[in-house]
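Sequence lines, in order, name chains W and A. Residues 1 to 322, numbered by the working numbering, are exactly what the first sequence covers, in order. Residues 1 to 322, numbered by the working numbering, are exactly what the second sequence covers, in order.
Simulated from the structure, these hints should not be mistaken for lab results. Wrong hints could be hidden among the right ones.
The list treats identical chains as one, so a pair stands whether inside a single copy or across any two.
Subject to a maximum C-alpha distance of 20 angstroms in a straight line, what follows is the list of computed EDC-like cross-link-like pairs (lysine to aspartate or glutamate) [as the list claims (entries may be wrong)]:
(1) 115 with 92
(2) 96 with 107
(3) 59 with 92
(4) 59 with 26
Here's the letter readout for the chains.
Number of protein chains: 2
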Amino acid sequence: MRVVLTGAAGFIATNLIPRLLARGDEVFGVDNFFLGRRSYLERSLAHPRFHFFEFDLLKVEPLAEVFAEAKPDLVWHVAANSDISYGTAYTDFDLKGGTLVTYNVLEAMRRSGAKQLIFSSSGAVYGEPTVMPTPENYGPILPISLYAASKVACETLISAFVHNYDMRAWIFRFGNIIGPYPTHGVIYDFVKRLLEDPSQLKILGDGTQAKPYVYVEDCIEGMEFGFTNARDAVNCYNLAVPDQTSVTEIAEAVIAELGLDRRKVDVHYTGGSRGWRGDVPQVQLDTTRMTALGWKPRLSSADAVRRTIAEVVAQFRSGVIS
Amino acid sequence: MRVVLTGAAGFIATNLIPRLLARGDEVFGVDNFFLGRRSYLERSLAHPRFHFFEFDLLKVEPLAEVFAEAKPDLVWHVAANSDISYGTAYTDFDLKGGTLVTYNVLEAMRRSGAKQLIFSSSGAVYGEPTVMPTPENYGPILPISLYAASKVACETLISAFVHNYDMRAWIFRFGNIIGPYPTHGVIYDFVKRLLEDPSQLKILGDGTQAKPYVYVEDCIEGMEFGFTNARDAVNCYNLAVPDQTSVTEIAEAVIAELGLDRRKVDVHYTGGSRGWRGDVPQVQLDTTRMTALGWKPRLSSADAVRRTIAEVVAQFRSGVIS
Numbered sequence: 001m002r003v004v005l006t007g008a009a010g011f012i013a014t015n016l017i018p019r020l021l022a023r024g025d026e027v028f029g030v031d032n033f034f035l036g037r038r039s040y041l042e043r044s045l046a047h048p049r050f051h052f053f054e055f056d057l058l059k060v061e062p063l064a065e066v067f068a069e070a071k072p073d074l075v076w077h078v079a080a081n082s083d084i085s086y087g088t089a090y091t092d093f094d095l096k097g098g099t100l101v102t103y104n105v106l107e108a109m110r111r112s113g114a115k116q117l118i119f120s121s122s123g124a125v126y127g128e129p130t131v132m133p134t135p136e137n138y139g140p141i142l143p144i145s146l147y148a149a150s151k152v153a154c155e156t157l158i159s160a161f162v163h164n165y166d167m168r169a170w171i172f173r174f175g176n177i178i179g180p181y182p183t184h185g186v187i188y189d190f191v192k193r194l195l196e197d198p199s200q201l202k203i204l205g206d207g208t209q210a211k212p213y214v215y216v217e218d219c220i221e222g223m224e225f226g227f228t229n230a231r232d233a234v235n236c237y238n239l240a241v242p243d244q245t246s247v248t249e250i251a252e253a254v255i256a257e258l259g260l261d262r263r264k265v266d267v268h269y270t271g272g273s274r275g276w277r278g279d280v281p282q283v284q285l286d287t288t289r290m291t292a293l294g295w296k297p298r299l300s301s302a303d304a305v306r307r308t309i310a311e312v313v314a315q316f317r318s319g320v321i322s
Numbered sequence: 001m002r003v004v005l006t007g008a009a010g011f012i013a014t015n016l017i018p019r020l021l022a023r024g025d026e027v028f029g030v031d032n033f034f035l036g037r038r039s040y041l042e043r044s045l046a047h048p049r050f051h052f053f054e055f056d057l058l059k060v061e062p063l064a065e066v067f068a069e070a071k072p073d074l075v076w077h078v079a080a081n082s083d084i085s086y087g088t089a090y091t092d093f094d095l096k097g098g099t100l101v102t103y104n105v106l107e108a109m110r111r112s113g114a115k116q117l118i119f120s121s122s123g124a125v126y127g128e129p130t131v132m133p134t135p136e137n138y139g140p141i142l143p144i145s146l147y148a149a150s151k152v153a154c155e156t157l158i159s160a161f162v163h164n165y166d167m168r169a170w171i172f173r174f175g176n177i178i179g180p181y182p183t184h185g186v187i188y189d190f191v192k193r194l195l196e197d198p199s200q201l202k203i204l205g206d207g208t209q210a211k212p213y214v215y216v217e218d219c220i221e222g223m224e225f226g227f228t229n230a231r232d233a234v235n236c237y238n239l240a241v242p243d244q245t246s247v248t249e250i251a252e253a254v255i256a257e258l259g260l261d262r263r264k265v266d267v268h269y270t271g272g273s274r275g276w277r278g279d280v281p282q283v284q285l286d287t288t289r290m291t292a293l294g295w296k297p298r299l300s301s302a303d304a305v306r307r308t309i310a311e312v313v314a315q316f317r318s319g320v321i322s
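Full structure from sequences and hints, please.
As structure tokens, this is what we get:
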């Protein structure tokens, strides 16, 4: 398949590209290295079926050129400003990096005749729902972060483009995706800070925030499974696991994995139920629809956290990430 | 109350301004005359408590100046590119005129400390729902027009701003609002075309498209009622009537009101179930929440259509509208 991949140097793409190349896809990747990392791309750059283009997706002309050259059968649009707290400090951050970028991708698809899109949305769209675990048909959709507001805006742009221009789309509302090659996130953050200063760890909130952590391989297999098996024009699925892991559990596991003496680490909490404004402290996503489709994650949240911490610690220690 | 009013020369504002002024509000109106009309403003321009500013809401600086001067207690954000079919021809039309404009309004509120917003959303957000009449908690929200996609994007921006910057908002998902001083819409369109050429009327679709038509006074009273009585941080309500009127019924009523001989009017249909791509042919909005709050519309859809046709025909004949 011919594939356009946005966010090509990001966390998800770094784990996705080897799979796409292994099964024979021709991959046209785009990144501006805002969150994505040059070093993560290096594994793929030498591959004859991987083509990389460095520019900001807010720029329409180079995007049109990529689509003209790629003539993609499928677009993996996984570029995102996935640092939610950022969007509260800079109120146009997600509007530009999420909504306008997604519009540009859809418009490039429309103009070039590309028809199929996979999109990484987020369980954050539900805001603070009154129904937990939260199913896909929960409403009204009233998010509490600008990040999530932008994800909804992207979903609805996709839905409208699909209906007006005969496209098809697969929208996945993610739990917290974790695994090797992180660019940010709580595990990356805790490991990095404890390696720099093993004597203390500051935790935002009271540590009871709990979310379903999904291993990145499960996430990617889930998206591929959904793409193959869900056959509506617009397919919208929660992609998560049934259990949750708390921030305190993650902190303790990171301390243990690093081999630190727990009594010598001063763990202190900033307090309050959420890590930051716009943070949804308790997330449970109903995955009935994905499992009814036949998909099952291999790892629970607890297992995904355990494995990821080991991998991220190893990657920090070997210098793969920094 | 000090009020900022967007879309001040548009259909809803033209009917709203006299009410606001009559009860003592200081009104700061903004319009760029894209859909709004200078002639509609004339009634209000001479009033000492009405202040008008002409610019495009995509421009941030004049908007900031209006908010600095107005220091509004309440923002009525009813500016909209309410011509749905336009958004299919120009794919960035609603993104700019809806989403980005609403972001600008919210950002002006945040920077100036304004805290309360009334927003005119649309029942079109539900796309083609499987539940009819459709309640506010229907999901997933997968609209079929770029107009509706933008309305959802606006709703979610509002929700995120409310949660992050301690605002409050009242979001109303409208049925088709009709009444005097129209700028567009099926009644305006049919009256105008039959006055120009009484021998024929072309109808988009098969004429069976049926929607709840809400008289503009009911709509305005409903928004005011909701603002007074709904006390959540984000309040999201369908604002409609229980019955529907079909396009064919409207066409027949316009022909009758104009006193035309029905046998001499060649009414022909373009065919198909919808008027245009992105048109939702059958709309029924569940108004249980608004009625539970204590609100009741005075006019049914049938009565609203009847009264509006009489008023619009009279306004065309007297030269108030053209």
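Intra/inter-copy verdict for residue 59 and residue 92 if alpha-carbon distance must be at most 20 angstroms:
both (16 angstroms within a copy, 15 angstroms between copies)
Is it within a copy, between copies, both, or neither that the alpha carbon of residue 59 lies no farther than 20 angstroms from that of residue 26?
neither (23 angstroms within a copy, 43 angstroms between copies)
With identical chains treated as interchangeable, where does the CA-CA distance between residue 96 and residue 107 reach 20 angstroms or less: within a copy, between copies, both, or neither?
both (15 angstroms within a copy, 14 angstroms between copies)
Homomeric proximity label, residue 115 with residue 92: Cα distance no greater than 20 angstroms:
Between. Shortest inter-copy distance 19 angstroms satisfies the 20 angstroms Cα cut-off; intra-copy 29 angstroms does not.
Comparing the model with each numbered hint stated earlier shows that hint 4 is the single one that does not hold.
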